[in-house]
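Turn these sequences into a full structure, and let the hints steer you where they fit.
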Amino acid sequence: MRFLLDAEQRAFADSLHAMLTAADTPSVVRDWSRGDPASGRALWSRIAQTGVFALAVPEEYKGLGVRPVELAVAFVELGRHAVPGPLVETVTAAALLAGTGHAERFLPGLAAGEAMATVAYEGAYALDADVAAHRFSLSPDGLRLAPGAGAVRPCLDPARHLTALLPGGELLTTEPPLPHALTLARLATAAQALGVGLALLDRTVAYVRQRVQFGAPIGSFQAVKHRLADAKIALEFARPLVLGAALTLTPADVAAAKLRACEAAYTTARTALHLHGAIGYTAEYDLSLWLTKARALRTAWGSPDECRADVLGTA
Amino acid sequence: MRFLLDAEQRAFADSLHAMLTAADTPSVVRDWSRGDPASGRALWSRIAQTGVFALAVPEEYKGLGVRPVELAVAFVELGRHAVPGPLVETVTAAALLAGTGHAERFLPGLAAGEAMATVAYEGAYALDADVAAHRFSLSPDGLRLAPGAGAVRPCLDPARHLTALLPGGELLTTEPPLPHALTLARLATAAQALGVGLALLDRTVAYVRQRVQFGAPIGSFQAVKHRLADAKIALEFARPLVLGAALTLTPADVAAAKLRACEAAYTTARTALHLHGAIGYTAEYDLSLWLTKARALRTAWGSPDECRADVLGTA
Amino acid sequence: MDLAFTQEEEAFRAEARVWLEAHVPSVPLPSLETEAGFAAHRAWEAELAADRWSVVDWPTRYGGRGAGLIRWLLFEEEYYAAGAPGRVNQNGVSLLAPTLFDHGTEEQRARVLPSMATGEVIWAQAWSEPEAGSDLASLRARAVRAPGGWHLSGQKTWSSRAAFADRAFGLFRSDPDTPKPHQGLTYVMFDLRAPGVTVRPIGRLDGKPAFAELFLDDVFVPDEDVIGEPGQGWRIAMSTAANERGLTLRSPGRFLASADRLHALWQDRGSPAGAAHRVADALIGARAYQLFTYAAASRFLAGEPLGPQSSLNKVFWSEYDIALHETALDLLGADGELADTDWSERYVFSLAGPIYAGTNEIQRDIIAERLLGLPKGRR
Amino acid sequence: MDLAFTQEEEAFRAEARVWLEAHVPSVPLPSLETEAGFAAHRAWEAELAADRWSVVDWPTRYGGRGAGLIRWLLFEEEYYAAGAPGRVNQNGVSLLAPTLFDHGTEEQRARVLPSMATGEVIWAQAWSEPEAGSDLASLRARAVRAPGGWHLSGQKTWSSRAAFADRAFGLFRSDPDTPKPHQGLTYVMFDLRAPGVTVRPIGRLDGKPAFAELFLDDVFVPDEDVIGEPGQGWRIAMSTAANERGLTLRSPGRFLASADRLHALWQDRGSPAGAAHRVADALIGARAYQLFTYAAASRFLAGEPLGPQSSLNKVFWSEYDIALHETALDLLGADGELADTDWSERYVFSLAGPIYAGTNEIQRDIIAERLLGLPKGRR
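For the protein sequence lines, the chains are A, X, G and C, in the order given.
Residue numbers for the first sequence follow the UniProt record's numbering, so the first one is 1 and each next one is one higher.
Residue numbers for the second sequence follow the UniProt record's numbering, so the first one is 1 and each next one is one higher.
Residue numbers for the third sequence follow the UniProt record's numbering, so the first one is 1 and each next one is one higher.
Residue numbers for the fourth sequence follow the UniProt record's numbering, so the first one is 1 and each next one is one higher.
For the record, the hints were derived by calculation from the structure and aren't laboratory data.
Source: prediction; values computed, not measured.
Below, computed lysine to aspartate or glutamate pairings styled on DMTMM-like, alpha-carbon distance capped at 20 angstroms: (1) Lys208/G to Asp340/G; (2) Lys376/G to Asp202/X; (3) Lys180/G to Asp135/G; (4) Lys376/G to Asp230/X; (5) Lys208/G to Asp31/A; (6) Lys376/C to Asp202/A; (7) Lys180/G to Glu229/G; (8) Lys208/G to Glu284/A; (9) Lys208/G to Asp166/G; (10) Lys376/G to Asp135/G; (11) Lys376/C to Asp230/A; (12) Lys208/G to Asp286/A; (13) Lys180/G to Glu131/G; (14) Lys208/G to Asp342/G; (15) Lys62/X to Glu114/X.
Quick look at the structure:
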């Protein structure tokens with residue numbers, strides 16, 4: 001038992017963090033939200049070059065083999081930088097296609113970052129179907145390549161473009177590896193949410209250290225301190241759940257990680273918004289990019305109640 | 001609409017409060033807990049003289065007529081002073097017997113405070129059956145006068161003596177006015193819990209004003225202030241629910257009052273215990289008399305989930 | 001003590017209900033935080049005012065019915081139960097108008113209130129500045145004496161509704177040399193289209209321009225638009241702030257209607273057991289808030305001052321409102337992500353509740369110090 | 001990174017499980033907060049020690065197995081999963097022993113630890129005083145120099161286990177003239193039956209004498225019972241306090257076992273939907289605490305200091321423990337009122353968690369100031 005990231009994993013996280021910091025992701029998010037995905041596509045390619053998508057693709061299809069721990073490490077950083085796009089969905093699509101007759105057709109392109117994929121699960125919305133090259137729909141009869149997508153709906157997180165996929169389309173397989181793919185989707189969402197929460201905490205700590213009201217930095221007020229301490233506790237206890245779930249991949253562990261990481265991120269978002277006051281409530285201030293994402297990830301790929309049912313074994 | 005206690009109701013509460021303050025109820029509670037009910041019986045008589053039990057008895061049986069608002073007012077004071085004994089149960093018994101053929105036999109004695117009664121509902125424990133003169137058991141077949149009671153079980157609130165009643169006994173009626181009696185039981189419990197919470201808040205405010213640590217009264221620390229502010233909010237929003245329920249007596253209003261008053265009392269108990277620190281955790285310090293009662297009332301005469309089901313109409 | 005309304009009150013309620021049934025738009029108006037929605041909501045205010053439903057508690061000479069507090073509460077219950085639109089002139093009606101009633105001149109009331117009642121003039125608030133949010137006493141924007149009035153300069157921000165409103169009210173520092181920061185402030189009304197005013201809309205979380213920054217450069221305001229004595233603005237504003245978190249900012253009717261809609265949503269979704277306790281708590285909370293308000297109104301009508309009690313109120317409704325809307329979005333599942341629903345619009349609106357009108361930390365400090373008597377000082 | 005244990009570790013776990021299956025009393029021992037229960041638990045410590053299971057992580061020369069941190073964690077998981085008794089010597093093993101390992105002499109270790117391991121000597125802690133609870137630096141009880149030792153005088157309180165224990169350890173003011181209150185304190189071990197010691201048991205909420213007041217009147221303590229340098233007690237105690245809220249006070253095994261028992265109780269009661277989320281959260285919390293501890297242990301074994309991270313730990317388990325036991329009592333319904341059940345015993349015990357070992361307010365201040373870097377000062 002050595003439940004610690006090794007030096008290589010830490011270096012991977014650090015390099016991704018450095019690259020995303022230099023890439024000015026907030027402006028990429030704003031472009032994406034406005035419906036201008038060019039900068040987002042460019043960033044996607046650079047992310048792919050670090051191997052993120054290849055971590056969800058077997059080596060025989062030009063991937064690095066499915067490596068859930070490294071995938072979780074990467075998604076924490078993607079969430080920390082509020083990277084837009086169908087990140088979880090591309091990983092999920094890779095998992096759905098691996099081992100099917102269509103793996104060769106799609107997986108190398110996904111691993112290389114040449115194509116984005118999105119997935120709609122049982123009639124739910126597909127994320128960023130307006131930009132994704134491949135749009136998959138999952139239904140009881142199997143996995144299909146959707147013939148198209150409806151109009152983009154306005155969303156509380158403007159960087160998430162939700163769309164209903166058109167019915168029908170090419171039937172790719174009647175027996176996709178559904179449990180495995182949902183497990184990876186939840187794990188990636190959990191890691192992404194954890195990263196969102198960590199970024200929200202960092203930004204809020206920096207803000208309350210310098211914001212002066214009543215003659216003192218507001219970070220010196222005990223009520224402010226204790227709310228941030230609670231956010232820190234929630235995030236630090238979600239983190240080992242995410243990494244533990246990446247190691248075991250059991251449904252209960254993954255559900256627990258999804259639930260706790262998303263709850264911690266959302267709690268931190270509420271705290272971040274409150275402690276920033278009105279400025280946090282504005283779309284033009286960058287904090288909003290994480291705030292709205294924290295809310296959206298709560299229900300993506302498994303609601304709190306669905307996750308709890310998996311933990312209790314009553315799902 | 002004039003949702004305010006009138007002068008007479010306020011005077012009634014004040015006189016009961018003054019009488020109970022002078023009666024040194026904490027020592028009465030300790031006697032009762034030790035199994036020495038003499039001082040408790042004496043206090044019971046004095047409470048009856050103020051008319052409390054007569055408020056649950058129709059005038060034809062030497063009561064004052066059933067007056068739920070005044071009853072609620074009285075039970076807030078009984079809770080505030082942690083008065084021991086089968087208070088709610090005596091009121092409930094009166095409600096169960098009114099209109100039956102046995103009203104004349106029991107009600108005048110209950111109204112006058114000459115006898116205490118206890119009631120076991122569908123096999124649950126009866127409170128203070130070791131002291132009560134009349135022990136009623138409610139079951140699907142009706143209301144019975146139990147032939148006896150089992151041994152007293154040790155309880156977290158040592159002033160509450162829980163006992164299983166022996167089965168069988170004289171069948172008093174097959175159709176007791178059950179919904180009405182349960183409504184009164186819940187209302188009285190809610191009011192009692194509210195009083196318990198108010199006493200806990202008062203005592204804790206007094207304590208944190210004088211307890212010095214780190215060179216200042218601990219009541220000057222923002223974390224302490226805000227916990228007490230939250231207790232105050234919970235209690236002040238429970239209070240109108242209790243009085244409103246006394247006016248309408250609808251199942252939803254009474255269930256809401258029971259739930260919120262008990263939750264507010266328990267939250268306040270947790271806060272009171274925490275802010276007192278170790279001394280609050282000791283049985284010899286009087287705070288414990290209210291702390292343990294707050295916990296016990298949560299489940300008495302309707303659990304939180306049962307109350308919520310009544311509010312949702314799914315019971 | 002009773003909860004029964006008089007025959008006259010019930011008749012008033014019935015009259016309101018009938019009118020609302022006939023007039024409430026069957027299709028919801030566009031969001032009032034958009035230009036089109038703002039105009040539609042302004043037109044709705046005119047429709048309300050035409051039949052004297054826009055400010056029922058005001059005296060008739062300003063456009064009201066002199067209906068009093070209890071009928072106002074009943075009207076609000078009917079209004080929100082009918083699913084009627086949000087009130088675009090809330091700032092004017094619940095903040096500026098009470099100030100004018102208490103501190104304005106009859107000339108000011110006669111000039112300002114009727115056009116407020118009809119929605120012809122929509123008012124924005126202009127309290128906050130970049131360095132003065134919760135700490136309102138540290139305001140810097142200036143009012144400098146000029147012949148027949150004052151020149152306003154400086155910056156205001158988080159000015160609700162200012163993106164599309166006509167006029168605004170706020171505090172300006174008229175005397176920079178006072179010993180204490182909350183002295184030397186003056187309460188002023190000004191025109192958002194006056195020379196020297198620049199309005200920069202700010203998008204809230206969902207991008208809608210719910211508030212604006214105001215840049216003021218020697219904006220002339222005549223003496224007649226100063227409320228009360230110059231230099232007394234703080235005291236005057238605090239009575240308004242107490243009002244803001246007091247009885248009339250959030251009527252129980254809003255939350256009763258929201259709780260009923262949540263209950264219906266829960267039932268529509270098959271009454272999922274996992275959400276039952278949150279839905280029950282929403283129903284209970286709305287009832288608690290209604291009864292708390294009835295008690296406060298009864299005390300008020302019996303001549304008792306409300307005072308710091310209103311801080312209990314503010315913390316309760318602001319947290320309640322968020323919890324209710326979070327529950328709704330959770331029940332909506334994937335649809336909870338959509339921005340173009342009533343639920344999401346109200347969710348976003350609710351998120352600001354603990355921040356404005358005095359943050360909930362400030363309210364809890366007030367509760368602890370002024371209601372519970374705990375020592376002041378350290379925070 | 002991995003969660004797999006070595007074959008040797010798994011073998012150790014299996015050995016512990018087999019032993020526990022054979023030895024754990026089938027009928028629970030009486031409450032250890034009673035005289036009879038204390039004696040029964042002392043005997044159980046002897047039974048553990050006889051097969052070297054009482055302090056598995058200690059060196060063998062003091063009665064342990066030199067098993068190390070990971071095996072200790074595994075042992076704890078097995079121990080609580082087996083429903084084995086509470087540990088009457090917890091104060092000695094988790095507070096005094098680490099202090100002796102870090103700051104004691106070899107003579108002290110050889111003299112004190114073996115009898116602690118067997119339960120022959122049960123230790124009480126003697127930190128708090130009536131005016132020094134959370135604010136431990138304001139201690140007043142004195143240690144006055146005497147030939148060959150010290151005389152202790154003053155009052156200690158909330159001394160856990162002292163009603164029935166043999167010896168105690170705590171801080172005493174040996175130099176009253178230091179510039180700062182946390183200087184001039186000395187760390188002392190003393191006999192609870194020595195001349196001049198009066199022990200007054202105090203009943204906790206359920207009446208059981210879980211702690212005591214100690215009155216000390218010129219109690220002689222030889223130099224050999226001072227730990228570390230006189231006057232350095234604060235620094236030494238703080239390393240113990242860090243330990244107390246750190247890795248070894250509350251092992252994950254306790255909460256994993258409790259969560260499983262709660263899950264079983266919920267199922268026994270028909271899996272009521274209203275409690276499902278609380279039961280799920282208990283299972284998840286136990287897993288989170290286990291994995292958090294595994295991560296901390298891994299960092300510790302890799303040579304990293306734990307430091308203020310342990311404050312996260314303390315707040316988490318203390319609040320978790322209460323929530324879990326509240327859920328259990330709610331599930332028990334009317335039976336939740338009874339005092340003579342394991343659930344109620346543990347509920348009452350859990351209530352003290354946020355208070356001792358540094359209140360949770362102090363822990364949150366530490367998290368904010370030392371982990372997040374927020375400014376010190378005001379509270």
